[in-house]
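Engineer: All chains, full assembly: derive it from the sequences and hints.
If you use full-length UniProt numbering, the sequence shown closes out at 542, no skipped numbers anywhere.
Worth flagging that the hints you see were computed from the coordinates, not collected in a lab.
Any given hint might turn out to be false.
Straight-line Cα separation of at most 25 Å, PhoX-like style, residue types lysine-lysine; simulated pairs [to be verified]:
id, residue 1, residue 2
1, Lys515, Lys488
2, Lys198, Lys230
3, Lys519, Lys502
4, Lys453, Lys362
5, Lys519, Lys362
6, Lys393, Lys488
7, Lys488, Lys453
8, Lys502, Lys515
9, Lys356, Lys198
10, Lys230, Lys254
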Amino acid sequence: MAIALRFAAAPLRLRLVSPNAPAIAGAGDGGGGGGRARIGVLRRACCRGGGGRVEVAGADSARCRAKRAGDAAAAAAAAETLGGIGVGGGDQLSVVMKFGGSSVSSAARMREVAGLILAFPEERPVVVLSAMGKTTNLLLLAGEKAVGCALLDELEQLLKGIAMMKELTLRTTDYLVSFGECMSTRIFAAYLNKIGVKARQYDAFDIGFITTDDFGNADILEATYPAIAKRLHGDWIRDPALPIVTGFLGKGWKSGAVTTLGRGGSDLTATTIGKALGLREIQVWKDVDGVLTCDPNIYPNATTVPYLTFEEAAELAYFGAQVLHPQSMRPAREGDIPVRVKNSYNPKAPGTLITKQREMDKVVLTSIVLKSNVTMLDIVSTRMLGQFGFLAKVFSIFEDLGISVDCVATSEVSISVSLDPSKIWSRELIQQASAPIYMQNQELDHVVEELEKIAVVHLLQQRAIISLIGNVRRSSLILEKAFHVLRKSGVNVQMISQGASKVNMSLIVHDSEAKQCIKALHQAFFEDDVLTEVDEDALHMS
Numbered sequence: 001m002a003i004a005l006r007f008a009a010a011p012l013r014l015r016l017v018s019p020n021a022p023a024i025a026g027a028g029d030g031g032g033g034g035g036r037a038r039i040g041v042l043r044r045a046c047c048r049g050g051g052g053r054v055e056v057a058g059a060d061s062a063r064c065r066a067k068r069a070g071d072a073a074a075a076a077a078a079a080e081t082l083g084g085i086g087v088g089g090g091d092q093l094s095v096v097m098k099f100g101g102s103s104v105s106s107a108a109r110m111r112e113v114a115g116l117i118l119a120f121p122e123e124r125p126v127v128v129l130s131a132m133g134k135t136t137n138l139l140l141l142a143g144e145k146a147v148g149c150a151l152l153d154e155l156e157q158l159l160k161g162i163a164m165m166k167e168l169t170l171r172t173t174d175y176l177v178s179f180g181e182c183m184s185t186r187i188f189a190a191y192l193n194k195i196g197v198k199a200r201q202y203d204a205f206d207i208g209f210i211t212t213d214d215f216g217n218a219d220i221l222e223a224t225y226p227a228i229a230k231r232l233h234g235d236w237i238r239d240p241a242l243p244i245v246t247g248f249l250g251k252g253w254k255s256g257a258v259t260t261l262g263r264g265g266s267d268l269t270a271t272t273i274g275k276a277l278g279l280r281e282i283q284v285w286k287d288v289d290g291v292l293t294c295d296p297n298i299y300p301n302a303t304t305v306p307y308l309t310f311e312e313a314a315e316l317a318y319f320g321a322q323v324l325h326p327q328s329m330r331p332a333r334e335g336d337i338p339v340r341v342k343n344s345y346n347p348k349a350p351g352t353l354i355t356k357q358r359e360m361d362k363v364v365l366t367s368i369v370l371k372s373n374v375t376m377l378d379i380v381s382t383r384m385l386g387q388f389g390f391l392a393k394v395f396s397i398f399e400d401l402g403i404s405v406d407c408v409a410t411s412e413v414s415i416s417v418s419l420d421p422s423k424i425w426s427r428e429l430i431q432q433a434s435a436p437i438y439m440q441n442q443e444l445d446h447v448v449e450e451l452e453k454i455a456v457v458h459l460l461q462q463r464a465i466i467s468l469i470g471n472v473r474r475s476s477l478i479l480e481k482a483f484h485v486l487r488k489s490g491v492n493v494q495m496i497s498q499g500a501s502k503v504n505m506s507l508i509v510h511d512s513e514a515k516q517c518i519k520a521l522h523q524a525f526f527e528d529d530v531l532t533e534v535d536e537d538a539l540h541m542s
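Structural biologist: Quick look at the structure:
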């Protein structure tokens, strides 16, 4: 089976063509030039290079001639920088450069990313890529289609197997979505080689990414680091070539099957490689100008945070900042390797530098993060008063059900906790918005049913967590100002939680009031030119 990948300058059409295969159409990625992808039969050969043919087909049209002229210019630029990139001789690999799906969502974007890499001839990077645009979602859609498809003879290999079994298991889902990263890295490596930059493609699960067997949300094991270092460093010494590595993927240590690291797991891939090789810096290239003071989709006046600590970044990621993977800071922190978040659409922007420590004397608040669609549970028991073991019983129920708790607050007779529905469904890669409401409610009803065996439970849905990430030494000032703003806005805070790190203070409010709160808090903390007298006194005291 031949698979032709057709690239055009604009508008882009990326087509995966296979004879006698049904097409599954999906909307193009917003950052990718308005293209669409038609996914037909997905074969292992096309992704793993096992007998299939991957080629770039061009027609004798003005657009294709223009593209070839652009490639020739890129090749000329590459020739000038080959001494510094890709064929560095005895030089060591220096940085990780990770690019997300929107950065490689089209042929034009891939060429721009290649040019961006070549713009740093002094670097010898390991490049980590996500799937192209919305490929992961399209592959999931293909799997869902296969579950209900009656024309089994038209599907081959993986999709045929899914259709025959009439189910899409977590293990199969991980294998299915892995094709996105496998395709994007092969295409990008082929393009770099075409323009004269020597590149070598790697599948993460083949170079030592050893993980737990938690399909859909696997974790990296310690054995990964020496395995990656041995493979990448050894290949570089023997035959220097720019490594192009699949993000998001690993291999289960018991099953030997392909696993995924959860949504945004390519960030974790990048920081793991950075730690394994002891590189100077890890660069995470996104479609925003670094980490921002709040979500710009909620409030457009958000500004870039120039510096963060690993601790702040981890809290931001955990409580909803989409720019970082929650676990990605751990390897960088352990290896003490700076992480720089940059914008591939605006490479001249300074971005955000994340390090172990930073100057905090003048810092009050760093960022405001919103996590919506949160469920809150009030667990009340008079038997808790003066008794021991009640908390253990409550959390053993959560453990048995595999549920993660976000925030906790306790009193003499009650416990309040917040649950993120996406954590309840962490075993699923499909986004929570696509899960039927009745299925979510069934899961929550089961939680309440178990807890009611030991206490009275009140279930409160449609809540939101507003997390204030800031200076530990200014927590009183931050809370004072936040409550002043919320009181003026007429917002009732239903729960308060502060972690042991004290970097994060979380307030739970009703979902309908959350965005209004974000705007008001941002204006108060980041846009007021003059501090109040109370603020000035607090600054002097600290």
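Engineer: Each hint should be assessed against the structure and marked as holding or not.
Structural biologist: Quick rundown of the hints versus the structure:
no. : hint            : result
1   : Lys515 x Lys488 : holds, 15 Å
2   : Lys198 x Lys230 : holds, 20 Å
3   : Lys519 x Lys502 : holds, 23 Å
4   : Lys453 x Lys362 : violated, 50 Å
5   : Lys519 x Lys362 : holds, 22 Å
6   : Lys393 x Lys488 : violated, 40 Å
7   : Lys488 x Lys453 : violated, 41 Å
8   : Lys502 x Lys515 : holds, 24 Å
9   : Lys356 x Lys198 : violated, 34 Å
10  : Lys230 x Lys254 : holds, 21 Å
Of the hints listed earlier, those the structure fails to meet are numbers 4, 6, 7, 9, in rising order.
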